[in-house]
Amino acid sequence: MASLKEEVEEKKKLIATLRNKPWRMKRRLKLLKECQAFVEKFEGALGKGKGRKLYAYKVMMAKKMIKFNRDFDNFKTACIPWERKIKEVESHFGSSVASYFIFLRWMYGLNLVLFAFMFGLVVLPEVMMGLPYGSIPRKTVPRAEQDRAMDISVLLDFGGYCKYSILFYGFYNDERTIGVLQFRLPLSYLLVGVGIFGYSLMVVIRTMARNSDEGGDGGDDGQFTFAFKMFTSWDYLIGNPETADNKYASITTSFKESIVDEQENQKDENIHLRRFLRVLANFLILCSLGGSGFLIYFVVRRSQEFANLDQDELSWFEKNEVEFVMSLLGLVCPPLFETIAELEEYHPRIALKWQLGRIFALFLGNLYTFLFALFDEVNAKLEKEKSIRNATIWGLNEYYSNYSSYHNTTDIPPPDIHPADVIRGPCWETAVGIEFVKLTVSDIQVTYMTILIGDFLRAMIVRFLNYCWCWDLEAGFPSYGEFDISGNVLGLIFNQGMIWMGAFYAPGLVGLNVLRLLTSMYYQCWAVMSCNVPHERVFKASKSNNFYMGLLLLVLFLSLLPVVYTIMTLPPSFDCGPFSGREQMYHVVMETIENDLPAFIGNIFTYATNPGLILPAVLLMVLAIYYLNATSKNYQNANLELKKKMQMARDEEKNRRNNKENTNQVMQDLEDLLPNLPPSEKVHEKGSKSPKGAKRPGAAANGKGVNLQKDVLLATSNPKAAVTHPPGPRGPSGNARGPPPGPARGRGRGTPPSRR
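Numbering (full-length UniProt numbering), first residue to last: 1 to 756.
Just so you know, nobody snuck in bad clues.
Listed below are the simulated PhoX-like cross-link pairs for lysine-lysine, each with C-alpha atoms no more than 25 angstroms apart in a straight line:
hint, residue 1, residue 2
1, 33, 21
2, 5, 58
3, 58, 13
4, 229, 26
5, 229, 247
6, 229, 654
7, 63, 30
8, 33, 12
9, 85, 256
10, 654, 644
11, 11, 58
12, 247, 87
These aren't lab readings, by the way, just hints derived from the structure by calculation.
Using the sequences and the accompanying hints, generate a full structural model.
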């Protein structure tokens, strides 16, 4: 039994270490089956009675658990949205194009969570527990607008019934609590509006931290890149012919990516000419950015002049001039930047980052120029709203005084006016929300029309007119289009920035963006597989999407600034929205603390907002960030040093092995140069015994040839070698051990002395 247990343990150990054995696969599989059969047969037999049954039950449950875990992993993989579509795109277009669709899927998941927050805590409580439509003025279309409230042109501009719906800020009531549950809608609106930024910030930073250990800029840090790709790229679990074709295309694309990386590493260039061309390219791009910003500012100021005119006299272009110009700039400038970037001749991956940064600067400059011009309009609306409010208060005071004097009573009922006839202010929050929704919708339209005309129609022309055209349409103009990674990525980030900014003024904007991302995944996957071709210079994407995430984090921060400015500085409208009747929007938090929470909570909040406490806390955070940054750099340097030491150890081992092989080869060559001697006189390996009658090393062989020791190359014999024969008689010179005088003096020269 002890012997059987020992053998079972040996078989288990062999199964665990079989992967590291330098054997052929056939031998490994054979030994694995034999060891598994042996362990399964005898391990249970070592027990007795109940022990054997318990072991059999454990083995059965372990096998079932392994199968369950494998099936559950397959189920989790199958539940990942659009995984097969993205893998198919990656196999044909490379990891750079696939990274866009992975980023699009991540954005869809983020917006689903934001939509759940906004819908569950703001929209749904208002619909379920708030006042119905038509009960108060803010939820009723004015009498002057009811005739055209359902016109298609009005609805497309988000006026009429769309303007007075749950899509926009002005629809929500300002009561502190609503419904049976006493739900605090204004507080929930403010906290959700700020919480969207907090949750997005947490998710983006967490994703960047998770991707940071993957690191790299897309190149392989290891050696033998092509050997590894050649011998380890295939997936032997593939059983579907279509999947096999995709894998074959993926491996081919991977080789192209690595070849481009290797070519870029070995490129020589004229550094002075390259610097001049790069400076020129950046100058041209800066001029383009400045011109686009000026154009947007001019168009927005012009739209403010149009707003004071009669809307029936304006054309469609004059009404939508701002959205049209911004979409046109987003459509024209990226290809212009890409054309100018040809002067720089960067590596494709570096060129993509420069292109992303420039388009990001374009979109961000356009957006902030639009915001500055829009806030000028907001200030004008605030002045108009102040005059309307003063006139309303004056009218109510006149009504109360006249009613009191006429009826001689102080119990004055409110004026009997239909909600549609009440005079209202411009509600600047809803106007800002409408502008953001119109920008989002126009961006969707331009994106889809660009794909339909610029890619699909172009591919149709090249496909069906190439046979009857004067030149080769596929190789020349117009050819099939390439997927614009930089433009699509920046368009997605720019659109998400508008969602973050506009969600506070238009709660329905998040749901609209969810629909946009859902349709974009299917529409763009179809377009890229049917209308586009792989890039001429295929390159590898970064192993982590931290560059995309960094841009998204910057957009998130810049999108937060206008919302914070609105909450802390601008007064809310007096007759619409959940914050009406308050001097500032954030005062709803102070009301909740004073009316609904204990007094000590208010004291804690007061102390927490004291500048004397905030400044040290901020200073402490800055010091902590500096310390963590320094620690991170030290860890990175330690990792680099460790990599260098490991590389040196590998090189030393490789050199030692090569030197040993070279030494053995030199010895073999020297042995091949020796004359054909009898077997008894050949040099034997180190550690072997010489046969009887063999002469000692260094002895003369009839004056012909040279016997060398294998372990000591081209060296003289040891003068203190062991004596293997009795001494001869003394010579005439008295030297008992030296050779006799004469011409035969020396090793291996002349005839040996005769023995008596």
